[in-house]
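Colleague: So the protein lines, in turn, are chains A and B.
Final position of the first sequence in my numbering is 252; the numbers increase by one with none missing.
Final position of the second sequence in my numbering is 276; the numbers increase by one with none missing.
To be clear, the hints were calculated from the coordinates, so they are not data collected in a lab.
Take these hints with a grain of salt, some might be off.
Said to hold, decoys possible - The calculated EDC-like cross-link candidates involving lysine to aspartate or glutamate, where the alpha carbons are at most 16 Å apart (straight line), are:
{"#": "1", "chain 1": "A", "residue 1": "LYS51", "chain 2": "B", "residue 2": "GLU147"}
{"#": "2", "chain 1": "A", "residue 1": "LYS51", "chain 2": "A", "residue 2": "GLU9"}
{"#": "3", "chain 1": "A", "residue 1": "LYS69", "chain 2": "A", "residue 2": "GLU164"}
{"#": "4", "chain 1": "A", "residue 1": "LYS85", "chain 2": "B", "residue 2": "GLU147"}
{"#": "5", "chain 1": "A", "residue 1": "LYS69", "chain 2": "A", "residue 2": "GLU5"}
{"#": "6", "chain 1": "A", "residue 1": "LYS224", "chain 2": "A", "residue 2": "ASP235"}
{"#": "7", "chain 1": "A", "residue 1": "LYS51", "chain 2": "B", "residue 2": "ASP144"}
{"#": "8", "chain 1": "A", "residue 1": "LYS195", "chain 2": "A", "residue 2": "GLU5"}
{"#": "9", "chain 1": "B", "residue 1": "LYS56", "chain 2": "A", "residue 2": "GLU103"}
{"#": "10", "chain 1": "A", "residue 1": "LYS58", "chain 2": "B", "residue 2": "GLU54"}
{"#": "11", "chain 1": "A", "residue 1": "LYS6", "chain 2": "A", "residue 2": "ASP235"}
{"#": "12", "chain 1": "A", "residue 1": "LYS77", "chain 2": "B", "residue 2": "GLU147"}
{"#": "13", "chain 1": "A", "residue 1": "LYS123", "chain 2": "A", "residue 2": "GLU106"}
{"#": "14", "chain 1": "A", "residue 1": "LYS58", "chain 2": "B", "residue 2": "GLU47"}
{"#": "15", "chain 1": "A", "residue 1": "LYS77", "chain 2": "B", "residue 2": "GLU47"}
{"#": "16", "chain 1": "A", "residue 1": "LYS32", "chain 2": "A", "residue 2": "GLU9"}
{"#": "17", "chain 1": "B", "residue 1": "LYS56", "chain 2": "A", "residue 2": "GLU106"}
{"#": "18", "chain 1": "A", "residue 1": "LYS118", "chain 2": "A", "residue 2": "ASP97"}
{"#": "19", "chain 1": "A", "residue 1": "LYS14", "chain 2": "A", "residue 2": "GLU81"}
{"#": "20", "chain 1": "A", "residue 1": "LYS123", "chain 2": "A", "residue 2": "ASP162"}
{"#": "21", "chain 1": "A", "residue 1": "LYS114", "chain 2": "B", "residue 2": "GLU54"}
Unchecked claim - Calculated from the model, a selection of chain B residues having no Cβ within reach of chain A, i.e. all distances over 12 Å:
{"#": "22", "residue": "LEU23"}
{"#": "23", "residue": "VAL48"}
{"#": "24", "residue": "PHE49"}
{"#": "25", "residue": "LEU104"}
{"#": "26", "residue": "GLY124"}
{"#": "27", "residue": "TYR175"}
{"#": "28", "residue": "LEU217"}
{"#": "29", "residue": "MET256"}
Stated by the list, open to error - For the chain B half of the interface with chain A, some residues (derived, Cβ under 10 Å), not all of them:
{"#": "30", "residue": "PRO52"}
{"#": "31", "residue": "LEU75"}
{"#": "32", "residue": "GLU133"}
{"#": "33", "residue": "SER136"}
{"#": "34", "residue": "THR151"}
{"#": "35", "residue": "ASN152"}
{"#": "36", "residue": "PHE156"}
The C-beta atom is built at its ideal place from N, Cα and C for all residues, glycine as well.
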Amino acid sequence: MAEKVVEIRGLKKSFGDLKVLQGVDLDLFKEENLVVLGKSGSGKSVLIKIMVGLLKQDAGTMHVFGKEVSQLNSKQLNELRLKIGFSFQNSALYDSMTVKENLEFPLVRNVKNLTKGEIQKKIEGLLDSVGLPQTINQMPSELSGGQKKRIGVARTLILDPEIMLYDEPTAGLDPITCMDINNLINEVREQFKTTSIVITHDLTCAKVTGDRMAVLLDGQFKAVGTFNEVFADADDQRVKSFYDYNFIES
Amino acid sequence: MAEKSDERKPLLSKKIDKFFTGLADAWNFVRRFFQEVFLPPYEFKEVVHQCYRIGVESLPLISLTGFIVGIVFTNQSRPSLTEFGAASWLPSLISIAVVRAMGPLVTALIAAGKVGSSIGAEIGSMKVTEQIDAMEVSATNPFKFLVVTRVLATTFMIPILVMYTDFVALIGSFLNVNSNELVSLSTFFVQVFESISFLDIWSSVLKSLLFGFTIGIVGCYKGYNSSKGTEGVGRAANSAVVISMFLIFIEELLVLQIVNAIRGM
Numbered sequence: 003m004a005e006k007v008v009e010i011r012g013l014k015k016s017f018g019d020l021k022v023l024q025g026v027d028l029d030l031f032k033e034e035n036l037v038v039l040g041k042s043g044s045g046k047s048v049l050i051k052i053m054v055g056l057l058k059q060d061a062g063t064m065h066v067f068g069k070e071v072s073q074l075n076s077k078q079l080n081e082l083r084l085k086i087g088f089s090f091q092n093s094a095l096y097d098s099m100t101v102k103e104n105l106e107f108p109l110v111r112n113v114k115n116l117t118k119g120e121i122q123k124k125i126e127g128l129l130d131s132v133g134l135p136q137t138i139n140q141m142p143s144e145l146s147g148g149q150k151k152r153i154g155v156a157r158t159l160i161l162d163p164e165i166m167l168y169d170e171p172t173a174g175l176d177p178i179t180c181m182d183i184n185n186l187i188n189e190v191r192e193q194f195k196t197t198s199i200v201i202t203h204d205l206t207c208a209k210v211t212g213d214r215m216a217v218l219l220d221g222q223f224k225a226v227g228t229f230n231e232v233f234a235d236a237d238d239q240r241v242k243s244f245y246d247y248n249f250i251e252s
Numbered sequence: 012m013a014e015k016s017d018e019r020k021p022l023l024s025k026k027i028d029k030f031f032t033g034l035a036d037a038w039n040f041v042r043r044f045f046q047e048v049f050l051p052p053y054e055f056k057e058v059v060h061q062c063y064r065i066g067v068e069s070l071p072l073i074s075l076t077g078f079i080v081g082i083v084f085t086n087q088s089r090p091s092l093t094e095f096g097a098a099s100w101l102p103s104l105i106s107i108a109v110v111r112a113m114g115p116l117v118t119a120l121i122a123a124g125k126v127g128s129s130i131g132a133e134i135g136s137m138k139v140t141e142q143i144d145a146m147e148v149s150a151t152n153p154f155k156f157l158v159v160t161r162v163l164a165t166t167f168m169i170p171i172l173v174m175y176t177d178f179v180a181l182i183g184s185f186l187n188v189n190s191n192e193l194v195s196l197s198t199f200f201v202q203v204f205e206s207i208s209f210l211d212i213w214s215s216v217l218k219s220l221l222f223g224f225t226i227g228i229v230g231c232y233k234g235y236n237s238s239k240g241t242e243g244v245g246r247a248a249n250s251a252v253v254i255s256m257f258l259i260f261i262e263e264l265l266v267l268q269i270v271n272a273i274r275g276m
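Take the sequences, apply the hints, and build the full model.
Modeller: If you want it as C-alpha cells, here you go:
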C-alpha cells in the first residue's frame, strides 16, 4: 500500500453561523491524484486552505506528512508549505511583477545560495514545462486566462513541492483550454512525481485527472472511490444527480 | 446545505462591538509591524522601490502645491502686514508658517490622498485576488514584504518631502516678495533663517515622521483587511485617505501642544 501523505479526521469548519465542513474524513496517498467534487460553496477550497494553514479548523485533525497542521508554529508551517504547491482559482499572479519575477519571488526567498544563472535556468525550464517560454518578460495582464493558470502552476512548481493543490483549475476556461490544463495536471504528476488534490466541479476534468474522486455534500464526503465506483454505482441520489447534470450539460 | 447555528448576541450593540473589535485589530496590526520590522529577512530592495514610488513619483504634485502655497500665502498676508507697516516681516511670517505648520500639513494631506489611497487600493486588490494568500503559501511573509516595506518607505520619505515642500514654498514666497518689495534672495533667506529655530525644524521633522507612519500604516491596514471584492478595494482606498487625514489633524494638534509646552519651558 502506498504511503499516506494526508490524513483528515472529523474536520469541522464554520464561518460565523455557516457550517461548511461537518466532520470530513479523508486519506491521500503518495503520487495519487484525488479529485474533490462538490457544488460551489460546499467547502472544497476551505479544505485545501486548512491544509496549507491559510485557515484553521474548528475541530478535527489534518495531518500532512504526519504533522498536525494546526499545531505547527510559523517556522514549521513554512517548512511544510515548501512541500505543498497551491494553484489558485484565479491564478493569483502578482500583477505588479513580470512572469519571471513571479517565478523568482518564492525561489529567491526560500532557496539560498542560488546564482543568477541557476535561477534563470530553473525559470526557463519550468516555463518550457508549461509550454510558455515566450512569456518570460510579460506582465500577467498581458496573458490569457489559460496562460495565467499555467504560469500559476509553474510558480508553485518552482519550489519542487511534493503535494500539488489545484483550486478549480478549469474554472472560466473554454473546453480546449480546459483539456490543455487537464493534460498539464497529468504531465506535472508524471514529470515531478507529485501527489495532487484537484478541486473542481467539472466532471471531465475529474475523469481525466483523477485516480480517485471524493464528493463533498452537506459538509461531508458522501462518496469516495474511482470514477465508476462513485458515479456508476452511486446510492446517493444527489451524487448521481451531480453526474447527470454534468452529463446533460456536456 | 449549510445549517444555521444559534445566533450569538453582541455584547453591546453591533456597531459598538464592531468599533471596539476594529480598534483591537488595528492595535494588533501596529504591534505586529513593530514586531516584524526588526526581524530578518529584511526586504531592502522593496523598501528602496517603495521609497522611489512614494518619494520621486510624488514630486511633481508636491512641487506644484508647495510653490502655489508659498505664493498665495504671501499674497494673502501682505495686506494685513502692510496695514501695520510691517510688510518687511513677510519673510519671517511665511517661514514660520511654512516650516512650523503648512509644509508638514500640506505635504501630509497630499500624501494621504495620493500615497495612502494607492497603498490601500493596491494591497486591497492583492487581498481580494488572493495574491497575499499566494505569498503566504509560498512560505513568504506577506506582512513583511507588503506592509513593513511600505510603512518604512512612507515614514522615511514624508519628512524628506516636507523639507522639499518647505523649500519650494519659500521659493514661491520669495518670487512674490521679490517682485513686490524688491527684496534680494540673500536678504529674504537671512530673514527666514533668523525667524525659525532649531526646535521648529526638529518638531517639523518629527511630526512628518509621525504623519508618514500614519499614512503608511492606515493604508496598509485598510488594504490588508479589505473584503467584498472590488467594492471592498474602493472602500479600502477611500477609508485609508479619510482616516489618515483625520489622524493627521489630531496628531498636528497634539504635537503643537507638546512643542508649545517645550517652547514655554
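Colleague: For every hint, state whether the structure bears it out.
Modeller: Results for each hint:
Proposed proximity of A:LYS51 and B:GLU147 is supported: the alpha carbons are some 11 Å apart, at most 16 Å. Straight-line distance between C-alpha atoms of A:LYS51 and A:GLU9 comes to about 15 Å, which keeps the hinted pair within the 16 Å bound. With a CA separation close to 15 Å, the supplied pair A:LYS69 and A:GLU164 stays within the 16 Å bound. The hinted pair formed by A:LYS85 and B:GLU147 meets the criterion: a straight-line CA distance of about 13 Å does not exceed 16 Å.
Between A:LYS69 and A:GLU5, the direct Cα distance comes to roughly 14 Å. Compliance with the 16 Å bound is thereby established for this hinted pair. At most 16 Å may separate the alpha-carbon atoms for a hinted pair to count; A:LYS224 and A:ASP235 meet this at roughly 13 Å. Restraint check for A:LYS51 and B:ASP144: the C-alpha separation of about 9 Å stays at or below 16 Å, so the hint holds. Pair hint A:LYS195 plus A:GLU5 holds up; C-alpha atoms about 13 Å apart against a cutoff of 16 Å.
Taken as a hint, the B:LYS56 and A:GLU103 pair is honoured in the structure, with Cα atoms around 13 Å apart against an allowance of 16 Å. Between A:LYS58 and B:GLU54 the alpha-carbon distance is near 28 Å, which puts this suggested pair outside the 16 Å criterion. The suggested pairing of A:LYS6 with A:ASP235 is violated, with an alpha-carbon distance near 26 Å, which exceeds 16 Å. Between A:LYS77 and B:GLU147 the CA atoms are separated by roughly 12 Å; this keeps the pair inside 16 Å, and the hint holds.
Our distance criterion of 16 Å between C-alpha atoms is met by A:LYS123 and A:GLU106, whose separation comes to about 11 Å. Between A:LYS58 and B:GLU47, the direct Cα distance comes to roughly 22 Å. Violation of the 16 Å bound is thereby established for this hinted pair. Restraint check: the Cα-Cα separation between A:LYS77 and B:GLU47 comes to about 14 Å, which is no more than 16 Å; the hinted pair holds. Taken as a hint, the A:LYS32 and A:GLU9 pair is honoured in the structure, with Cα atoms around 12 Å apart against an allowance of 16 Å.
With a C-alpha separation of about 14 Å, the suggested pairing of B:LYS56 with A:GLU106 holds against the 16 Å cut-off. Our distance criterion of 16 Å between C-alpha atoms is broken by A:LYS118 and A:ASP97, whose separation comes to about 23 Å. A C-alpha spacing of about 25 Å is found between A:LYS14 and A:GLU81, which places the hinted pair above 16 Å, so the restraint is violated. Between A:LYS123 and A:ASP162, the direct Cα distance comes to roughly 14 Å. Compliance with the 16 Å bound is thereby established for this hinted pair.
Taking the CA atoms of A:LYS114 and B:GLU54, the gap is near 15 Å; set against the 16 Å cutoff, the hint holds. With a closest Cβ-Cβ approach of about 18 Å to chain A, B:LEU23 is found to remain outside the 12 Å limit, as its non-interface label requires. For B:VAL48, the non-interface assignment is confirmed: its Cβ lies about 16 Å from the closest Cβ of chain A, beyond the 12 Å cut-off. With a cut of 12 Å on Cβ distances, B:PHE49 stays outside the contact zone with chain A, its closest approach being about 16 Å.
Under the 12 Å C-beta cut-off, the non-interface status given to B:LEU104 relative to chain A holds; the minimum distance is some 45 Å. Every beta carbon of chain A lies more than 12 Å from that of B:GLY124, the smallest distance being close to 21 Å; the non-interface claim holds. Distance check on B:TYR175: its Cβ is at least 26 Å (rounded) from any Cβ of chain A, clearing the 12 Å threshold; non-interface status holds. Every CB of chain A lies more than 12 Å from the CB of B:LEU217, the least distance being 32 Å, so the non-interface label holds.
Consistency note on B:MET256: stated as away from chain A, and its beta-carbon is indeed over 12 Å from all of that chain's, at 26 Å minimum. Nearest Cβ of chain A to the Cβ of B:PRO52: about 7 Å, under the 10 Å cut. The hint holds. Hint status for B:LEU75: violated, given a least beta-carbon distance of 27 Å to chain A, over 10 Å. Interface hint at B:GLU133: satisfied, since its Cβ lies 8 Å from the closest Cβ of chain A, which is below the 10 Å cut-off.
Interface hint at B:SER136: satisfied, since its Cβ lies 8 Å from the closest Cβ of chain A, which is below the 10 Å cut-off. Because the beta carbon of B:THR151 sits about 5 Å from the nearest beta carbon in chain A, less than 10 Å, this interface hint is met. Annotation: interface hint on B:ASN152 holds; nearest CB of chain A at approximately 8 Å, less than 10 Å. A distance limit of 10 Å between C-beta atoms decides the matter here; for B:PHE156 the minimum to chain A is near 8 Å, and the interface restraint holds.
Of the numbered hints listed earlier, those contradicted by the structure are 10, 11, 14, 18, 19, 31.
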